[in-house]
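Residue numbers (full-length UniProt numbering), protein chains in the order written: chain H, 1 to 412; chain C, 1 to 266.
Honestly, the hints are just simulated from the structure, not real lab data. Incorrect hints may appear among the rest.
To be verified - Which stretches of chain C does chain H cover? Using the computed rule of at least three CB atoms under 8 Å from a CB of chain H, they are:
hint	region
1	151-157
2	176-182
Unchecked claim - Here are the simulated BS3-like pairs of lysine-lysine, each with C-alpha atoms no more than 27 Å apart in a straight line:
hint	chain 1	residue 1	chain 2	residue 2
3	C	K75	H	K280
4	C	K245	C	K87
5	H	K280	C	K77
6	C	K220	C	K87
Glycine included, C-beta positions come from ideal geometry on N, C-alpha and C.
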Amino acid sequence: MRTASPAAVSSPPATSQVPDAQGRFGDFGGRYVPETLVRALEELAVEYEKSLTDPAFKAELDELLRDFVGRESPLYHARRLSERCGGAQIYFKREDTNHTGAHKINNTLGQCLLTKRMGKTRVIAETGAGQHGVATATACAHFGLPCVVYMGEEDIRRQSPNVFAMKLLGAEVRPVTTGSRTLRDAINEAMRDWMASVETTHYILGSVVGPHPFPRIVRDYQSVIGRETIDQCRERLGRLPNAVVACVGGGSNAAGMFYPFVDHPEVELVGVEAGGRSDKPGDHASPLTYGQPGVLHGSFSYVMQDDDGQTCDVHSMSAGLDYPGVGPEHSYWKDSGRVRYTSCRDTTAMEAFDACAHSEGIMPALETSHAVAMAMEMAAERPKDDVIVVCLSGRGDKDAMEIARLKGVNYG
Amino acid sequence: MSAIPDLFAKLRAEKRKALMPFVTAGDPDLEFTAAVLQEVVARGASLCEVGIPYSDPIADGPVIQASYTRALNAKIKLAAILDMLGKTCPVLGAPAVTMVSYAIIYRHGIERYCDDVASRGVAGLIVPDLPVEESPILAKVCGERGLSLIQLVTPTTPRDRALRICETSTGFVYYVSVAGITGERTQLPADLIDNVGWLREQTPLPLCIGFGISQPEHVKLLAPVADGLIVGSAIVKRVAEAAEKPRDEVLKSVGDYVAQLIAALG
Ligand SMILES: Cc1ncc(COP(=O)(O)O)c(C=O)c1O
Chain H
1 MRTASPAAVS SPPATSQVPD AQGRFGDFGG RYVPETLVRA LEELAVEYEK
51 SLTDPAFKAE LDELLRDFVG RESPLYHARR LSERCGGAQI YFKREDTNHT
101 GAHKINNTLG QCLLTKRMGK TRVIAETGAG QHGVATATAC AHFGLPCVVY
151 MGEEDIRRQS PNVFAMKLLG AEVRPVTTGS RTLRDAINEA MRDWMASVET
201 THYILGSVVG PHPFPRIVRD YQSVIGRETI DQCRERLGRL PNAVVACVGG
251 GSNAAGMFYP FVDHPEVELV GVEAGGRSDK PGDHASPLTY GQPGVLHGSF
301 SYVMQDDDGQ TCDVHSMSAG LDYPGVGPEH SYWKDSGRVR YTSCRDTTAM
351 EAFDACAHSE GIMPALETSH AVAMAMEMAA ERPKDDVIVV CLSGRGDKDA
401 MEIARLKGVN YG
Chain C
1 MSAIPDLFAK LRAEKRKALM PFVTAGDPDL EFTAAVLQEV VARGASLCEV
51 GIPYSDPIAD GPVIQASYTR ALNAKIKLAA ILDMLGKTCP VLGAPAVTMV
101 SYAIIYRHGI ERYCDDVASR GVAGLIVPDL PVEESPILAK VCGERGLSLI
151 QLVTPTTPRD RALRICETST GFVYYVSVAG ITGERTQLPA DLIDNVGWLR
201 EQTPLPLCIG FGISQPEHVK LLAPVADGLI VGSAIVKRVA EAAEKPRDEV
251 LKSVGDYVAQ LIAALG
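Here chain H stands alone, though its shape is the one from the complex:
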């Protein structure tokens, strides 16, 4: 385990051969959880491993991804947005076109299949933006599994359309009133439920965070994004893109997009965290940019903590990025220098939302708007034949009301 502060120069290059059997991505990851959960995590790791060599499992998941989710998702050339930036060509990997409107469904279907495989009969989940909650509720409805979703009260307020959707899909939404009433607290509450229900319940964690093996499983299920992107770029452009950009909350859409590119060092990878209102502690949610390594929610990774190790309150206008931690593989990619992480302010992301909606007729989620903003900035500085692919992780319908509130406009 590391004792000094990270120095990208001295770290070995990143490989895709991670994590190891202990769930380590270099120094990061691991399993810092109460003993009560260890058996379930070990069982999950074993069953997941078995599922990888089970052709029937893969066939069932592939069929669902095709017929239920609607994969593959399009690779779309955002021509007018590119023109507006005046430089490189921007492409969108359209995860917003998936059933339920975001990348989250790629993971929940896989984990629901694992739930069935393990003989578990109940599912719990946390959600921030509500997209993972909706995707879990959807997968559970599909498989006939009872589903409880923990969601912070603040997120229930700002993502209310998704709360209705979860309920309409038959899930129970349990409001979380502790702490900052956001994603972090929802994860705490889901973990506490799991402590008591672990024998019969599977916890479908929604990002590449948490104890081993979650960061690996979620990355693998999301990696369909990057694999399809590579195939589509080769087919359509005859080459790989110059750069790939994704927003980073816990980091699942980014991990799914980046992972297949890790062993293509010529492709630049850029992760965008929530820069919130300012770079002052408490005003942003950018642990990779401003935090340091520590332990949160069962894994060792960059985190926003005070000098006692207490998790800090963070801020982002987007519920899905409003999280003080990040997946351990991102910390590994950061320290190895394989991925560059930056941070984008609320206001800049909002401008990108508007630009994308007006120039392309596509409303990205507020989370996604952070990645769009970064891609626009990069495109402006790069030659016309450069290609930048943005992971368009989700659609913005859920945010319409909150955007109106933030802008102080009444669209009624």
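Fit chain C with the ligand to the given chain H structure using the hints.
Just chain C with the ligand, lined up with the frame of chain H:
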């Protein structure tokens, strides 16, 4: 290394059992925490667990969570807790251990944390979010400083794994009575006695049971199969009354409660 082993050797020789209260550091303030520790030991507690408040305690139920939140809202910092321990532990007359998240230990520095608590007279650590696989470094550092690192076994722990945990635990083994979070329970699991009985035959280490214990009936039931019983939420709940009630009244009620449980130890 000897405070906790010595305690249990003595108790075993005298055929007595330990009552081990858990107190949150800094709820409502550190002065009162010190007073509560002294009171429970004066009333016969054999060992004290001092909970270091943490912002994200996933093994804790509402009562302990809320006490952590109050302490953190009152800006109780680790440095002040160490000060209090440094003044209290040497004169307490019973060993104290810190119940502390690995997030806090790591951030403070593994060696520095162990140095700091050892030099304050703390006898050991319970780290509820550090399973054995992740504990070798901390175990080594604790060992070098004579601190016990108490490991937990739970109802979901497979038996072969329980054996491994017992091999790495020092001081005693903490048997968690229920699969779940801390908090008072009216009913304890039916197979608890059998499971503890099995574990007892596997290890020479003292075995202490915690989670859910709050009533004298629980104590009567479990004392015969354990070396000690840990009582958390039921104490924390009583201490929390200090926010509204006179402190001497609260101290007395905590003391009376501890005395009542000790009487039930037999
Ligand atoms: C559309 C969308 N993008 C991104 C995120 C952030 O999560 P992650 O970083 O795991 O992709 C969310 C989370 O809710 C989301 O809904």
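Status of each hint after checking the structure:
1. Counting residues of the region 151-157 of chain C whose beta carbon lies closer than 8 Å to any beta carbon of chain H gives 7, which meets the minimum of three for the stated coverage.
2. Remark: the region 176-182 of chain C is confirmed as covered by chain H, as 5 of its residues place a Cβ nearer than 8 Å to a Cβ of that chain, reaching the required three.
3. The hinted pair formed by C/K75 and H/K280 meets the criterion: a straight-line CA distance of about 20 Å does not exceed 27 Å.
4. Only pairs whose Cα atoms come within 27 Å are accepted, and C/K245 paired with C/K87 is accepted, the gap being roughly 26 Å.
5. With a C-alpha separation of about 21 Å, the suggested pair H/K280 and C/K77 falls inside the 27 Å cut-off, and the hint holds.
6. For a cut-off of 27 Å, the pair hint linking C/K220 to C/K87 is broken: about 34 Å separates their Cα positions.
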